[in-house]
Every structure is written in structure tokens, then in C-alpha cells.
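Undergrad: If you read the sequences in order, they're chains Z and Y.
Heads up: the first sequence begins at 1 in this note's numbering, then just goes up one per residue.
Heads up: the second sequence begins at 501 in this note's numbering, then just goes up one per residue.
Just so you know, not all the hints are guaranteed correct.
Among the chain Y residues that face chain Z by a calculated CB cut under 8 Å, a handful are [what the hints assert, rightly or not]:
| id | residue |
| --- | --- |
| 1 | E640 |
| 2 | R659 |
| 3 | A660 |
| 4 | V674 |
| 5 | G678 |
| 6 | L682 |
| 7 | T689 |
Just a sample of chain Z residues kept apart from chain Y, beta carbon distances all over 12 Å, derived [said to hold, decoys possible]:
| id | residue |
| --- | --- |
| 8 | E3 |
| 9 | L45 |
| 10 | V63 |
| 11 | L140 |
| 12 | I163 |
| 13 | L173 |
| 14 | E353 |
| 15 | A460 |
| 16 | A467 |
| 17 | A485 |
Hints in this document: simulated from the structure, not taken from any laboratory.
For each residue, glycine too, the CB sits at the ideal point set by N, CA and C.
If you want the building blocks of each chain, they are given just below.
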Amino acid sequence: MIEQIPVLLVVLPIVGGAVPLVASLVSDRAGWPIATLTLIGQVGLAGLLAWTVGTSGTVSYAVGGFAAPYGIELVVDGLSGAVALLVAVVSLGVLAYAREAGPHSNSFYGLYLLLVAGLTGMTVTGDVFNLYVFLEITGLAAYGLVASGRDASAAVAALKYLIIGTVGASLYLLGVGYLLAATGTLNMADLATKLGEMAAYDSTLVLTAFGLMVGGLTVKVALFPLHTWQPDAYANAPDSVSAFISALVSTVSAYALARLLFSVFTAEFLTAVPVARWALVGLACVSIVAGSALAVSQNSVQRMLAYSSVSQFGLVIAGFAIATPMAVVGATVHLLGHAVMKGGLFAATGIIERETGATTISGYAGMGSRVPLTAFSFSVLSLAMVGVPPAVGFVGKWYIVLGAVNAEIWPVVAVLLASTLLTLAYFARLVERLYFAEATIHAEEGVPEDAPVTDGSGQAVSFGMVAVVVLAAVLAVALTAAVPALEQVLEDTLLPILNQ
Amino acid sequence: MTEFRPILAILVSAVAIPVILSLKGRPNLREGVTLTVAFAKFAIIASMVPGVLNGTEYEFVVGQFATGIELAFSVDPLGLLFGLLASLLWIVTSFYSIGYMRGLDEHAQTRYFASFAASLASAIGVAFASNLLTLFVCYELLTVSTYPLVTHDETDEARAAGRKYLAYTFGGGVAVLGGTVLVFVLAGTTAFTPGGLEGLATADPTLARAAFALLAAGFGVKAALMPMHSWLPDAMVAPTPVSGLLHAVAVVKSGVFGIARVVLDVFGTETMAELGVGLPLAAIAAFTLLTASIIALRQDNLKRRLAYSTISQLSYIVLGLGLLHGQALTGGLLHIPAHAFMKLTLFFCAGAIHVETHTDDISDMAGIGTRMPLTMAAFAVAAAGMAGIPLVAGFVSKWYLVIGALSLDGGLIFAAALLVSGVLNIAYFWPIVYQAYFESPEDHDQKPLLEAPLGGRGDVRADGGSDDDAHDHADESAVPDPQHVDHLGMHREDHEHHGGPPEGGWDDRGWRGGESTWFMLGPILTAATLSLLLGTMPYTAVFLRIVDTIVGNLPGVGV
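The following block holds chain Z by itself, in its conformation from the complex:
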């Protein structure tokens, strides 16, 4: 039973995603309960899988009984187990938010579950072509979800996302083709052994493949300067979708990038071809600085949060590219922590907009007293993102910096440390306005009755929505306690693949 879980994790949401479409014949509100049931099952399975991986090591499954390297293999180790669990938990959490926030149509929940399937597939697969398939499933579902807002701007954002995202995926596919030409295999583990033997690490073929695949994934991760789809997509999608994709889509892409680095190209490749590592580290550092600078200059809170992701993923990728066990643990912690924090922040912006109509930085002035619980959670999440200890945002940074100091890459250490202040620059002014400024929007003129409704849903705020935000804030601090356990699991996974 245990070895079938990886494939069940993918099949369950696909099947679950088809049900709402069929159920449309009976009821047009069947989507939410079906999605909830499916995802509760998903969380159970992912939890069981993560526990199994944590206690007894890697789980692998050959799809259809075709053994690797010819068939498709699903492999779950500590890293992918943690990400799969994150995907399941966050998507269930966002459902609690979406119940009131909408959209309510059955097709929305169909797409939602399809996105969960795509993300989980990317996480558990052990095959580079299969990864491409799930990358496209994820992309298509995400384009559809972004477009589910009723505004014209949502459609434009989705189109932009679609074009740029497809270019990224195509680059990745091209890279896969080069790898296949070089080694004749698509299985990750097989590639890892054959890459060094059949094609030299520094051969043009392998380098091109690396460039294309990593380049394609960095589009999906949205590192500067390949981030341009992201702020529009996050800011124009319905709130539930913003919270969902900001928490997971880039996160799983970053995971895929790490998987590519360590399980396909391996740490030896990074050592043999230093230019590859430095290019990635450099890109990450530029992303940290540029993302923060762009975030500071935004007026819309959601766009600011989107640019903040550009910066934070720079931190994550820097950790992966440094590639010492410490740094990779840190990057993983930050990857998981960022998902919780950013999802919670987007969810909070949705609530604040519904309650008060505030969407801009200046509009947030004085809102601390109007929406006390949400504003407080927002502040906690902001500080956690800045890296105020003991929140999880700090722990990730601590490990990454430790890894960078161990590797003695001083300029990177400086950028990593400065990232705290850069993040503070855009979050502090928001928190300051929330609590210490004169309100610019007053209760009576709050939300005009005929305000354009972006996502075709009511303006009410449910208990579930606030609970999700508060839970995210609590998790942002409480996850720190789980870090030692996670580190243990990750080290079992990482030490072999990092050859340390």
C-alpha cells in the first residue's frame, strides 16, 4: 500500500477534479464539498507518505509496472515528501478561504483540483519528461484559475501568464530533448549517473541542456528579470486564487529546480562547472535586490507582495545554488515557510479589501482598528517575512547564511543579510500605516454598493477566511518548532545526493 501512495496522490485530485463537472448536472454548488473531501483525503495520504519517508526512507513506484529507466518512476524522498505535504495542506487551507470568497462555480473547483494534481505530480515524479507534463498541467490549470476573475484585467493577466509560462515550459522541454540526446534516458536517477560518464559535464550539449532547463524553470519561479507575468497574475486573480498560486505554484517550480540541480545534474556538475553555479547565485542575488526595489516602489499592496515573492525566491534559489547541506536545508525551510506566509498575506489582503475597500498602501492607513485580527495577523506575517526571530522566516535565513559563510562566499553573505533590511523597507511602511496613520478611507464610504466586484462573489467575510489568515500567522511562528525534525529528514535525503 505504502508504495502506491505517490501515484494515488496524483490520481486522487484528478479524479476528484472530474467529479464537480459531472455533478453540475445535479447542482451548481457541488464543487466545494467535493473538493474538500478530496483534499482531506489528499492531506491524509500526503501525511502518511511524509511520515513513512521520515521513518523508513525513500519511497518509489514504477507507474504501470514498467521498471525504470524505461517506465516512469515516481520517487518521494524527504524533500519531495515535505513539499507534497505542503501542497496538500495549503490547498485544503485555501479551500476554507474560498468557500465564502469564491468563485463558486463547479468548473472552478475542477480546475483547482487539477492544479493540485499538477503540483503534486511535479513534486513526486522521478522523470524529467514526466515533470514537463505536470509542469504543463500546472500551467494550464493556473492560467484558467487566474482568468476566472470577471475583470478584463484578469483575462489580460492570464494571457500574459500563458504566453510567458508556455515559453518557459518550452525552453524546459527543449532542454529535456538535449539531455535525451546526450544520454538516451529520461529517468532522473539514471541521468545522474550517465551524465558524467556519457557526456562530459562541460560539454556544450550538457551545458545547453542545463541552461535551457534552468532557464525555463526560473521563468516559472519568477526570478528577476523573468518575473513579468507574476505581479499581474497575482494582483488580478480572484483572492482565493492569488493566495493559492502565490503560495504554491512558484514554490513547486523552485522545488523542481532544486530537484534538477541535485538529482539530475548533481552537486558534482556544479563543482565541475563553476560558471553554472555562479550564474545561478548571481541571478538569485540580483533577484533579491531588484525584487525588493520593485516592491518598495509599488502602490498596490498585492503587487508589492508579488514583487516580494521575486525577492524571496531569490533567497531560496541562492540557498539551493550554494548547495551545501546547510544552505539547502535553509532554502527548503524558507521555501515552505514562504508558502505559508505569502499565502496568508494574500488571503489577508483579500479580507482587508472586502471589509474596508483598501487595496493600496495609502488606503491601508488606520485600518488596524477596523479589522483588528486580520491586521494583526498581517503584521505578524510581515515581520515573519522580514525575518524577525523566532518566526520561520528567520530560521530559513539563518541556515542559508550559515551555508554561505561555510562556503565563504562573502558577497552573497552580504546580500543575504541585507535582504532583511530590504524586506523591512517595504513591509515596515505598511505596518506603520496600518496602525499609526490617520485613516484615509472611512467606514461610511468604505465599499461603495456598486463597487466593481473582481471575482463575482459577495463581499462578506466569513469566519473561515479570518481563521485561515490567523492560522497562517500562527504557523509562521510555530513552524520553527518543526524545523529540527525537518532538518533531520532532509539530511538523510540530502547527504547522499550532495555527496557530503
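Got chain Z; can you put chain Y on it based on the hints?
TA: The following block gives chain Y in isolation, referenced to the frame of chain Z:
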């Protein structure tokens, strides 16, 4: 031995935060909670004093924080010194806060008291942290929890000060983080060890120096070492009890305390001497204490003058630490409580004057001794202590500092700096006391003594040019100059009576407490009495015994 008291001392005020917030509509109960918690905190910490003096170390491990680093709290003599001081003065300040906040009918009092409780929880966390990372965690939390107090007024000035405060202290925090990582990488641990970590003594000297520089600079921000001091005078827009307890005791002392931990328990005096980093630290401190004293002469706003005095006095402590000599260390560490008692008195006096007469500028205070005799008497005592006059706490610590400095080769210059600073202290405090009792509003000398920059007359112009840009100056003066902003954010406007004596001069309120409420007078007199106690019976007042224990535990320090 495992013991719950360290964590209990921290949590007792942390737990009170939601309680205080929930009692928003019932102010008496809310302040009751604050007072109860303050007493409980002090009692818990005081109960550990005998044990610690006998060499017991109380330890509580919360859990693993990261590889090889525990989130752990332990009470050693140095931590006890800071913890005992902060919790004792929190009681005094809580009473004073009630008088002050109600006297001014302030807004957002619930947030104020809740933030105060949070600040104290963090401050005690700083005191009892048993390794550098735990200290850093609490240090950052202290920044966050004091931020709402700095911006309390919600005016533009307050927000600007808050921004500056966050930028400076988080900037310092980043440096501390960098230093902590370096120490961890070099030594494999960050646990405080009297005499220093072994790994650092054998580490690459360049990296070790870099680690020290980062840590000293990071903690130096809160310790207001120049040139990282300028957040402190601006933070004076906060209500006076905040300026008193946090910006003269808890927050700034957490910076000094951090430096003390780094010097004594991370690097150790011997490694410091080998690395040669003690002297630069002492030199920066000596520079700061002289320069800040001179700047203080020019300040007309009483709280800003006190702020510069704080900057100067904090550097006494850092100087003592930087000299790496037994008696200088004793003096420096003893100056932590000594300065706290005296400066708290001074701030409380400034706050009482503000509440009662809305006077903030020294030039408006001539003759105020008839209106507020007890307050000004307490002010005189504390000011004398600041200058190092015997019988007040400042004398004892300064005595040890000067002796320590003189017994070192080349220490003469540091001793001279200390003595000159003492003279400057008199120069900026004595006129206040003198004019309060012996001058009248109609007939008094020009204050402050130094109006223009040294060597100039009137406004200084950066390029030395003439008055082509006079219009600009006029425009600028329309913007409230922070010097003339009291904590309500109002600036002195000539058409509106705000500060200074009322028409017809100061009332005579006599010496029996008619000048203010006892909620303010009580704390003022208590703090002044404490500084006298520490000055006359330093051993009985326990603090010197704690300091002796700290210094006695250090290997290789000649006393």
C-alpha cells in the same frame, strides 16, 4: 540544574499581554494587571539572587532551535544584574506610567501598557539568554515590541522617529546576525562561557575580528555608540515613561549588555587582548562620551538633553568593558544600574514637569523650583550623580572606572576623558538646577549656554555663505524642529501659550507634594532614593555584590 524560574520570569509579562488587551474598557483592572505582573516578575527574579551569588546557575532549555543551538535561558550573575534592574525599575515605571498617561489623558493606553509588558518580556529574555542566538531572538523582539511605544503619538514626527528607530535597530540586528553566524562557524557554538569560547581563541584572527566588529557594531546601535546614535534623540517623541525605562534602561542597556556578553562571555578578555579589539572599542566609547556631552550643552529641549546625556553615559559602560581590566570592568558593569537609577529619575522629573506645566524647554524653566520643589530636588540629586559627585550612585561606578583606567598603560587619556566628561555633566545639568531655584522667569541668564556652534554666531551655514538662502531658512523653520517638539508633537508657537510659566509667574506649591500626583512623585522619589542607596551602600544594595561575582568569575582578569 533545570529550573522554571528563568522562563517564568519572561513569560509572566508575555502572558499578561492578551489579558491587558482584553481589559480595554476597564482601565483600573488593566493597570492592576500591569502592577501585579511587575511585582511578580521582580519577585521571581529577586528570589534567584541568593542562589546566583552562591554560584548556582538556573537553566531552562526551551528546545532545539537549529543545528547545535538551543533556545535556552539561564540565569548567571551578568544576566541577573540586567534582569533584576529592569524588573525592579518596571515596577517604579508602571506606577509612574499610570500617573503620566492619565495626567495627560493619552490615547491608546491599552496598546501602551501591552507593548510595555511585551518589551519587558523581551528585555528579560535578553538578560537570561544563554547563547548568542537566543540573545539575538530576544533582541529583535525587543525592537518590535518597543516600536509601537516610539510611534505612540501617531504624528508625523513620531512615525519618522519610528522609521528611523526600526531602520537603525534592524540594521544593527543584521550586523549581530552576521556576527553570530561567524562566531558559530568559527567556534562551533555560541553558548556563553565566562572567559570566552575556546574556538575563537584559535580561529583565523581576521575572521574573529570581523565577527567582533559586526557584533560590537550591531549591539552598538542600541548602545547608541557614535556614529550610530541618532535614533535615540529622535525617539524622545515617545511618552516620557518610555524614554525613561526603555531609552535609558531596557533597550539601550540591552545593547550595552550585548556588548558585555560579547566581551566577557563570547570572546573573553584574553582573546580580546590578543586580537587587539579592546582598544578601538574603548576609543570609540571615549570619543562618544565626550562628543555627546558637548552636544548636550546645546540642547534646549530637556528630553533631548537627557538623551545626549544617555548617549554619553552609556559609553562609560562600553569604555569600562573595552579597557579589559578588572576594576574598569567593575566600574562599567556597576554603571549599568547606577546610570539606570539616575537617568530614570531625571526622565521622570522631565515628564512630571511636562504633565504639570507643559514645559519642555530648559529656557522656559527658570524659577520652576517654586512650582515643583520636590521634583527639582530629585533632579538635582540625580544630576549630581551623573557628574560623579560622591554619595550618589554615579560616583561609585566612576571611581572604579577611573582607577581601572589609571592602572593601565596609556590609560591616562581615558581617565582624562572621564573626568572632562564629569565637568561637562556639571556644565549641562547645573544651570537647570540653579535656575530652577535661584532665578525667576523675568530675570535669568541665556539658556542654553551654547546657542551657536562653537566658534560661530547665529545659524551655521554649511558653505559659509551669506544670507542669500534666508528664505529657505524661513521655510524650514515652519516645519517643526524636533528640538522644539514635545511628545505631543506640538511645536512652540508664539501666539499660543504652551510651555513656560503661566501669566504672573510660577505658583508656590510647597514641599509637601502639592506639585503633582503621588503616582508621579512617588516613583521620582523612589528612583532618586535608589540612586542614593547605591551611592552610599553599594554592597547592601546587592548590585555591587553581583558585579563582583561577575568579575570574580572571569579567568585572567586582574582585580
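Undergrad: List in ascending order the numbers of the hints, as given earlier, that are violated by the structure.
TA: 3, 7, 17
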